[in-house]
Amino acid sequence: MELLLFLILFPALMGFIFLVFPNNRARDAMVALAALVLIAATVILFIQNYGAGTVIYEIEPGAVSMAMMALEVVLALGVLYLAVKYRQWIVGALTIIGTGVVLFAETLFTGPEHLNNLFVDEFTLIMAMIIGVIGSLICIFATGYMRDYHDHHKEIKDKRRGFFFLLFIFLSAMFGVVFSNNMFWLYFFWEITTLCSFLLIGYAWDEEAQKNAFWALLLNLLGGLGFGGTFLYLAFTEPSGGLIMLDSLIAAGPAIAMIPAALIGFAGLAKAAQMPFSSWLLGAMIAPTPVSALLHSSTMVKAGVYVIVRFAPIYDASFVGFLIALVGGFTFLLASSIAISQSNAKRVLAWSTIANLGLIVTCAGIGNAAAVWAAILLIVFHAIAKSLLFLCTGTVEHRIGSRDIEDMGGLVSILPKITIMMIIGIAGMFLAPFGMLISKWAALRAFLETPYGIFAVILIAFGSAATLFFWTKWMGKLLQVAWKPKPRREGEVSKPEFYSLLALAAGVVIICLGFPLLSSVVVEPFLIGIYGIGASLGEQNIAIMLMMMVVVFILPLSLIFFRRDRRVIPHYVGGRAATMDMEFAGSMGVQRKVELSNYYFDGIFGEAKLGKAGNILCTLFIACIGVVLAMGVIV
Amino acid sequence: MINPFIGAILFVIFAPVLGGLVAGIDRKVTAHMQGRVGPPIFQPFYDIFKLFEKESAVVRPEINFYIFCYLVFLVITGAIFFAGEDILLVIFALTLAHVFIVIAAYASSSPYAHVGAERELLMMMAVEPMLILAAAGMYVTTGSFFVGEIIDFQLGGGGLLVTWIPLLFIGVVYILTIKLRKSPFDISTSHHAHQELVKGLTTEFSGPTLGMYEIAHLYEMVFLLGFVWLFFAGIPLLGIVVVAVVYFLEILIDNTNTRAKWQFALRSAWLVALVLGIINLVALVLGIIQPGTLGVL
Chain E
1 MELLLFLILF PALMGFIFLV FPNNRARDAM VALAALVLIA ATVILFIQNY
51 GAGTVIYEIE PGAVSMAMMA LEVVLALGVL YLAVKYRQWI VGALTIIGTG
101 VVLFAETLFT GPEHLNNLFV DEFTLIMAMI IGVIGSLICI FATGYMRDYH
151 DHHKEIKDKR RGFFFLLFIF LSAMFGVVFS NNMFWLYFFW EITTLCSFLL
201 IGYAWDEEAQ KNAFWALLLN LLGGLGFGGT FLYLAFTEPS GGLIMLDSLI
251 AAGPAIAMIP AALIGFAGLA KAAQMPFSSW LLGAMIAPTP VSALLHSSTM
301 VKAGVYVIVR FAPIYDASFV GFLIALVGGF TFLLASSIAI SQSNAKRVLA
351 WSTIANLGLI VTCAGIGNAA AVWAAILLIV FHAIAKSLLF LCTGTVEHRI
401 GSRDIEDMGG LVSILPKITI MMIIGIAGMF LAPFGMLISK WAALRAFLET
451 PYGIFAVILI AFGSAATLFF WTKWMGKLLQ VAWKPKPRRE GEVSKPEFYS
501 LLALAAGVVI ICLGFPLLSS VVVEPFLIGI YGIGASLGEQ NIAIMLMMMV
551 VVFILPLSLI FFRRDRRVIP HYVGGRAATM DMEFAGSMGV QRKVELSNYY
601 FDGIFGEAKL GKAGNILCTL FIACIGVVLA MGVIV
Chain P
1 MINPFIGAIL FVIFAPVLGG LVAGIDRKVT AHMQGRVGPP IFQPFYDIFK
51 LFEKESAVVR PEINFYIFCY LVFLVITGAI FFAGEDILLV IFALTLAHVF
101 IVIAAYASSS PYAHVGAERE LLMMMAVEPM LILAAAGMYV TTGSFFVGEI
151 IDFQLGGGGL LVTWIPLLFI GVVYILTIKL RKSPFDISTS HHAHQELVKG
201 LTTEFSGPTL GMYEIAHLYE MVFLLGFVWL FFAGIPLLGI VVVAVVYFLE
251 ILIDNTNTRA KWQFALRSAW LVALVLGIIN LVALVLGIIQ PGTLGVL
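Respectively, the protein sequence lines represent chains E and P. Per the numbering used here, the first sequence starts with residue 1, numbered consecutively. Per the numbering used here, the second sequence starts with residue 1, numbered consecutively.
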């Protein structure tokens with residue numbers, strides 16, 4: 001238990017230290033050190049607990065709960081102040097309603113105080129590993145990146161002390177979210193992540209940053225009302241407070257827990273940036289890249305899918321679950337399609353995150369053991385591959401001065417190592433036999449076990465075709481080296497940046513090779529604990545997968561063979577007269593340089609059109625959930 | 001069901017031979033349709049052997065590597081299929097192989113190859129949903145994704161697969177035209193010299209590099225015909241007849257159609273997959289389709 005408290009309190013403490021520490025190398029070194037301590041602590045936690053099943057830790061809630069409530073009020077007042085100052089009336093109203101409802105509900109519970117406030121089970125362990133390891137690596141990366149960032153953006157005020165403070169508070173709150181069994185505590189940490197993301201998105205605090213930050217805050221506060229609703233519902237149905245604990249609520253089964261599950265699912269959908277809430281995550285791109293990496297991989301959106309996957313056993317085979325799966329499924333299909341039309345690398349990554357979260361939500365909505373298996377592995381694969389991709393994009397942006405994929409042509413000759421890591425990340429996102437594809441495969445199998453799953457399968461089939469397109473064209477662009485390659489610039493990448501990238505890239509490879517172990521040691525025991533049955537892809541399939549992976553790693557050796565006995569000649573280009581450097585004789589005697597760009601199909605996959613359609617559809621589905629529950633249809 | 005290893009090994013060894021013969025017959029039939037005599041049946045083999053006698057000349061050295069990967073993963077795709085393993089894995093391996101050929105074309109950084117790469121990617125996107133939905137249909141019918149068990153189901157009195165998922169079969173035949181690079185969907189590269197892309201995807205490949213590409217295409221062809229055969233695996237000989245008929249149809253379509261625009265290829269392939277897929281799968285799940293619904297089979 002000391003370890004749990006350490007993981008929650010240590011980053012917060014470090015955060016406060018960084019708040020007062022000046023911007024210098026010593027601070028950066030301390031950030032790195034704190035990050036390494038966090039990594040070590042999560043690894044120890046994992047080793048200590050992986051075979052233990054669910055372990056409940058008892059903590060006297062009295063003083064802690066009071067402190068949290070007091071902090072909640074203080075923070076709410078802070079948000080109110082900002083809301084009034086910047087005339088964000090809706091944000092202000094939501095803050096008052098949200099905090100008010102929760103405080104009111106808290107007074108309604110009459111029963112004795114429960115002690116089982118913190119817990120650890122296999123799913124928590126996985127989440128803790130993601131937060132602790134990936135989150136910490138991002139913090140290390142940020143030390144190098146933020147120096148560059150302020151060199152590139154002289155106009156932005158250097159608030160790095162606050163920046164690192166927020167990063168560590170964020171990690172602390174995320175640990176709180178996944179360790180809390182008491183839902184009031186969970187809610188407290190949940191709201192802190194909302195506030196942290198608000199402040200980090202608004203880092204530059206210019207007009208656009210303010211706008212996007214407040215928009216993110218607004219949508220997440222709106223989602224947070226789901227918790228308020230849950231507390232009210234539980235206060236009226238079970239005033240003794242017996243159900244306020246996550247484990248007892250889930251164990252109570254769909255008949256009792258369906259309405260709370262739907263309300264918390266609503267909060268989760270907002271946080272996980274599902275349509276119609278997806279706009280906040282795109283707006284969040286305004287923040288420095290490490291923030292994007294953090295929001296997309298190990299924190300924030302992962303908190304959203306975490307609670308949804310927690311309630312998957314309640315959604316299993318229910319109509320509400322089916323509707324949630326539809327929200328996720330359509331988000332997956334439409335967000336993947338929109339990603340085709342984007343050339344800004346960060347926006348491609350953002351839409352792909354939304355899509356993948358959609359897939360996770362679909363799995364959780366379907367809710368059977370096999371689907372949850374897929375969902376948990378998706379969370380893992382996505383966290384590591386996406387953080388790698390964001391950080392690579394950030395690094396590349398500082399080197400070539402653009403985050404546009406069209407400007408990344410032939411990047412492999414300029415930044416070979418970074419590009420190879422980027423390709424590892426991309427391959428991990430969609431390609432057999434790597435990461436995400438394993439989960440997609442498992443998801444397809446899981447959906448087909450349920451009667452309505454066929455609709456989810458159709459959505460996934462089309463959506464994954466779209467992901468294929470935008471990832472491959474990105475990869476192709478990186479590898480499209482011109483006849484005269486540009487000079488290398490790899491040496492300019494700072495050490496903290498390079499090594500955290502390397503660690504993440506190694507992580508992608510390790511997790512791809514080691515997923516069967518992860519599955520059998522952690523994920524399957526978790527499923528057996530809940531459903532009584534495990535789930536896996538089957539030994540035969542895993543064997544073939546691993547064989548393919550080995551082939552992928554061996555094949556580059558053939559390059560040695562292909563380098564011999566071959567002559568490099570200029571392009572044939574259908575026999576046209578062209579210079580070595582691909583210049584054509586154009587009309588009027590003008591020499592024209594060849595420029596190659598990718599297809600984007602704005603007319604078919606345009607963001608405005610598809611985004612609007614998705615928002616309308618998914619709002620309808622969410623409204624349907626409300627109607628269904630109001631009509632009392634529980635199963 | 002025969003031993004899985006034998007199936008895989010037979011495929012690895014004999015697929016190029018079988019594929020070459022089919023390609024040879026294809027050229028002969030095509031020639032007759034066009035009022036020509038046509039090359040000897042074995043011409044595809046002569047072509048490939050000749051390619052390997054040529055000098056290895058490339059625009060960029062890594063292209064050879066990408067195409068080699070393409071070949072290897074197509075062989076693996078077919079081997080997994082003929083070993084009776086998971087059909088979804090087969091589809092994913094096929095995708096992986098094609099990603100390599102697209103990357104090879106990108107890496108040539110020539111305008112024709114670049115457009116070919118983009119279009120090939122589009123065609124992959126057009127085809128994939130249909131393949132996955134077909135696999136889903138097979139699972140709903142037989143309760144298994146394993147090719148071996150799908151065959152056993154049919155041999156064991158479950159009825160021919162095609163009687164359960166006839167619409168999905170039609171959809172697969174539709175996208176087969178894309179996969180075999182036949183008109184009107186020979187959009188990224190073509191066997192015929194009738195295009196603005198010169199050779200599209202393969203413009204910059206030559207000598208042994210192009211030879212590897214051609215061999216890979218033979219492997220892919222045999223795998224695709226195997227996929228069609230799977231729908232009739234309950235009566236193996238009938239399956240072979242159907243495969244022959246379907247392939248003849250493809251040649252006929254190839255010779256009677258001009259090339260379509262990519263927009264049409266993408267939209268029509270997705271529409272076919274969506275409409276036929278939903279109708280067939282929903283009917284299957286609701287139990288509307290029973291074996292024998294289509295009569296004698």
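These are calculated hints, taken from the structure and not from any lab test. Check the hints yourself; a few may be wrong.
[Stated by the list, open to error] Which residues of chain P face chain E? A partial, calculated answer using Cβ under 10 Å:
1) VAL37
2) PHE92
3) MET125
Built from N, CA and C at the ideal position, the CB exists for glycine as well.
Hint by hint, here is what the structure shows:
no. : hint   : in the structure
1   : VAL37  : violated (28 Å)
2   : PHE92  : holds (4 Å)
3   : MET125 : holds (5 Å)
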